[in-house]
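Chemist: Residues per chain are reported as follows:
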Amino acid sequence: MKKILTAILLLAGITWSQIILAQTDMDAIMMNKKQFCQGITYDYSSWDHYWEGTFKRDNQNLGTVSTQSIMYMPNYGITNKLNVMASVPYVWTKATQGTLHGMKGIQDLMVFVKWKPVTKSFGKNQFSLFAIGGMTTPLSDYPIDFLPMSIGLGSTNLIARGMIDYRRNRFTVTGSAAYIWRSNVKLDRDNYYDTELHLTNEVKMPNAAMYQLRTGYRGRYLIAEVLLTNWTTLGGFDITKNNMPFPSNRMNATMVGVNVKYTLKNFTHLSFLAGSNLTVAGRNVGQSKTFSAGSFYVFYFGKKVKSSLEKNK
Amino acid sequence: MKKIFSLATIITAGAIIFSCNKDIKGRTDDIAALQPQNIDLNAGTWKTILLTGPTEFSVAVPGATNTPDYIAQVNEIKTWQKNLTSDERRIVKYWSSGAVFRWNEILRELVSKHNLPPYQNADGTYPVPNANNPLAYPQFPFANPPYAARAYAYVNAAQYDALVAAWYYKKLYNRLAPYKVDATVQSLIPQSDLPSYPSEDATIDGVMGEMMKLLFPGDQDFIQQKIDEHKKARIISGANVRSDLEAGDALGKLVAQKFITRARGDRAGAAVGNQTIWTQFETDCIAKGEIPWYSYEIPKRPPMLPLFGKVKTWLFDSLTMVTAIRPGPPPSTKSDQMKKECEEVYSYTANPTRENIEKVHFWADGISTPTPAGHWNAIAANDFLKKNFSEVRWARNLALLNMAEMDAATVTWDTKFNYFNPRPSQIDPRIKTLTGLPNFPSYISGHSTFSGAAAVILGHIIPERTADYEAMALEAAMSRLYGGIHYRSDCEVGLTVGKKVGNYAVQRATTDGAE
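So the sequences go chain by chain: A and B.
Letter by letter, the first sequence follows residues 0 to 312 of numbering that gives the first Met the number 0.
Letter by letter, the second sequence follows residues 0 to 514 of numbering that gives the first Met the number 0.
Because the hints were derived from the structure by calculation, they are not lab data.
Just so it is clear, the structure is predicted and the values come from calculations on it, not from any experiment.
Misleading hints may appear alongside valid ones.
As the list claims (entries may be wrong) - Across the chosen pairs, the derived CB separations fall in these ranges:
# : chain 1 : residue 1 : chain 2 : residue 2 : range
1 : A       : K103      : B       : D22       : 31 to 39 Å
2 : B       : A323      : A       : W91       : 46 to 54 Å
3 : B       : T124      : A       : F290      : 32 to 40 Å
4 : A       : W91       : B       : T84       : 50 to 58 Å
5 : A       : N229      : B       : S331      : 56 to 64 Å
6 : A       : G234      : B       : R429      : 36 to 44 Å
7 : B       : I297      : A       : V172      : 58 to 66 Å
8 : B       : I297      : A       : W91       : 18 to 26 Å
As the list claims (entries may be wrong) - When the alpha-carbon atoms are kept at most 27 Å apart in a straight line, the in silico DSSO-like pairs for lysine-lysine are as follows:
#  : chain 1 : residue 1 : chain 2 : residue 2
9  : B       : K385      : A       : K185
10 : A       : K203      : B       : K92
11 : B       : K299      : A       : K93
12 : B       : K333      : B       : K287
13 : A       : K103      : B       : K431
14 : B       : K299      : A       : K240
Every residue gets a Cβ at the ideal spot worked out from N, C-alpha and C, and that includes glycine.
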C-alpha cells in the first residue's frame, strides 16, 4: 500500500521535529481500482539538541523530548489513476528532564487525493506525473502554545503537490514539491510577542514548502529507498535566545532517511514497513531521529486479477 | 475526469481562501480617539506622589496668541495639514486614542521583548544583564515580573506627577488649542476645552524619554522614534503648537528626574544579590528545620531577584510591610498539611482537563509576555478606554494600579525569601507542570498577590466591574495550582495579601483629590 504523507502531517502538525520515514504518499505507487488498504503505523521520534534560530544547543531542562504516535491509515483506489487516502494519529509527548508535563491526544485528520494523469514509456524508461491535493485539520482542541510539548500546531492546512517519477527496470527516482497553505491559529491567551506585541489570540501562520527526492529499488515484494526531504517555512520568526518555541516560528528541516517495505510472497494482502529518518540541518526545530514501523492489509474488492504489486514488476 | 476537475476546483478555491485574509488585527488597532467626558480642569490640585507640589518646577508664561511667533507656529500646522500622507494620518489616529494608553502598550511590548532569562555560560554560571552595556548579551534588562512591575509603577507615577503639574499650568495660563485660536486650523482629533499649554502629550513624552533611558536603555532608538512621531502627530492634528510641546517636554523631563533619583536609590539595583546571600537563604531555612527551595533549572540558576523584597515601597513603609502585610509561615514542609496540599497539586496535574490548561495558559504570563502586572494593565486599559478618562486621570489610575502592583511584588518577594519554601515538584517529583516553573521559592504566589491587589484597586476605580475583577483574580490565582506551580495555600494567602496591598492604593485614591 501507499503509506501516507506522514511527513506533511507531522511537520505541519508536530513540526517540532518529526518526519517519519514512511512518506509513501510522496511515492509513485498507486492502488488499483477498488482496492482498499488499511494500516497502522507507530512512530518514535526524539531529539536532545535543537536549533534556537540558527544556534544549535541542548537544554537540560528538557533532556530528550520524544514524540510517539500511532496512526490509522485507510487508502482506496477509486480508479487505477485516482486514489484517496486518509490518516488519523494519536500522539503523545514527553521530556526526560525538567518539570514540563507531556501532552497527548488525537491530532490532525489528513485526507489526500492522489492522481496520476500521465505515464509515458520510452523503451525501458518510464516517466509518470502525479498531482496530489490534500487537507489536514485538527480533530481535537489540543493546546498549541506549549511547545515543544504540544502535539501539533493546530492549523488547518491545504496541500498541493506535484511529483515526477522515473523508472528503469527496478531502479526508481521520485521527486516532489509541495506548497502548504496554513490557516491562522488561536492561542489560549489573548496576547503574544513574536517580534512585536500582538493584542489578540490569533496567530498568523506562515505558509510552507516541502521537497523530497527519493531513490532506490522498487521490486515486486521489496521496496527499499533512501530519501532526502526538506521542509521550509515561508516566513515566521526565529526563537529568540533562551525563549520557548512558538507555532509561527520559521521552522526548517532537512532530513535523510531510509524506507523499506516488504510484502509477503505467499500472502500479498499483508505488508510490513520500517524506516528511519534523521534531521541533518534545521532552524527552530529539534534535531530529531525518527523510527517507524507499520503493517498494512489490502482488500481486493474488484476483479482480482493483478495486485498493485504485480504492476510493479 | 469531471470529478477530478471539480476536485481540483475545490482545492484551488480553498487555497485561494487560505492565502488571503490571514492578516490579524489587534484589539486596539482601531480604537476611537480619546474624548474625555471630564477634562478634569482642576487636576492641578491633586496630590502628587514625589513632587512637593505642582509648582515645584516652573513653566514659563506662554506667548500670546496674537504674537508673530505664535502665528508662525500656527502656520507650521497649516503647512503640514495642506498635504497629509497616509502615514501621517496613521500616526495621528494611533496617538489620538491617548498618550498614557499608547505608552502603556509600548511599555508592555518592551517588557515582553526583554522578559527572557539569560542563557547560561559555558561553566554553568549565569551572566547578569548590565545596565551600562545594555546591548551586549544578556541584554539589559531581564524584564521579569518584579522588574516589570517596578517599570510600570515608575512610568505611571512620573507621568501622573508631571501631568498634575501640567494641568496646574494649563489652568493658570489658559492658552487655548490652535484649532480654537485660528478657525482655519483643522482639528484632526476631537476638540477639547482643555488649555493646550503646556501640552499634556509632550509632558508625557518628556517623562518617557527620561524614564526609558533608565528602564530600557538599549531601546533608545525605538523610544525616540515614538516620541518624535507622537509630537509630530500633535502638531499635524492641530492640537498643539510647537511651544506647547516644548514647554510640556521640558516639564516632563524635570519631573522624571525626581523619579529617576528615587529609582536609583530604591535598592532594586542590588536585588540580584550574590552567592553568599543565596547560600544564606538556604542555610537559614535549614536552621528553621524546613526543607529549603532549590532551583530546578539545570544548571542551577540563582533565584530571581532575591532581594527585591528590600525595594522601597510606594503605598506603605517597610515596617508596615513586615509587620502588617507579610503573611505568617506556610505549612511546614514536613507537615501532613503540606503532604495534603502536594497531593492536591498532583491531582490537578496528573490528568489535567482542557479547561484547566486553558486557564493555566491564559494567566501564565511567563517569559516573553508583559508579566502578570502587564496582564492587569491590559485589563485596566481595556476598561479605561470605555470610560473616556482625561489623560491626567488615566495616569492617576494606572499609577494607583502599578504602585499597588510593584508593592505587591515587593511584599511577595519579601515573603518568598523570608520563608524560602520549595515548589510542589521539589517535594513531589511526580508533579509535572503545565507551564514553565518559575525560578524562585513558592510561598506566596506572585500571580495571586498581583491579581488580588489589582482587583481591589480596579474595583475601586470602576465599581461596576468589582465582581468581574474578583472572579478574574481568583481564576488567575487558582490557575497556578492547576498548573502545578503552587500549592493552594500559596494562592489563597497570596490573594489575601494582594488585597491588603490593594487597599492601601484605595486609601490613597480616596485622599488624592481626584474623587
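Chemist: Each hint should be assessed against the structure and marked as holding or not.
Modeler: Verification of the supplied hints:
1. Taking the beta carbon of each, K103(A) and D22(B) are about 34 Å apart, inside 31 to 39 Å as hinted.
2. Between A323(B) and W91(A) the C-beta distance comes to about 49 Å, which sits within the given range of 46 to 54 Å.
3. T124(B) and F290(A) have their C-beta atoms about 38 Å apart, which keeps the hinted 32 to 40 Å range intact.
4. Taken as a hint, the range 50 to 58 Å holds for the pair W91(A) and T84(B), whose Cβ atoms sit roughly 54 Å apart.
5. The beta-carbon spacing between N229(A) and S331(B), approximately 57 Å, falls within the hinted interval of 56 to 64 Å.
6. Against the hinted window of 36 to 44 Å, the Cβ-Cβ separation of G234(A) and R429(B) comes to about 41 Å, which satisfies the hint.
7. Separation of I297(B) from V172(A) is about 46 Å and departs from the stated range, judged on CB atoms against 58 to 66 Å.
8. The supplied range of 18 to 26 Å is met by I297(B) and W91(A), whose beta-carbon atoms lie about 24 Å from each other.
9. Straight-line distance between C-alpha atoms of K385(B) and K185(A) comes to about 26 Å, which keeps the hinted pair within the 27 Å bound.
10. Restraint check for K203(A) and K92(B): satisfied, since their Cα atoms lie roughly 24 Å apart, inside the 27 Å limit.
11. Pair hint K299(B) plus K93(A) holds up; C-alpha atoms about 22 Å apart against a cutoff of 27 Å.
12. Distance restraint check for K333(B) and K287(B): the Cα-Cα separation of roughly 12 Å lies within the 27 Å cut-off, and the hinted pair is therefore satisfied.
13. A hinted pair counts as satisfied when its Cα atoms are at most 27 Å apart, and K103(A) with K431(B) qualifies at roughly 14 Å.
14. A hinted pair counts as satisfied when its Cα atoms are at most 27 Å apart, and K299(B) with K240(A) qualifies at roughly 18 Å.
Figure legend: structure checked against the earlier numbered hints; the only hint not met is number 7.
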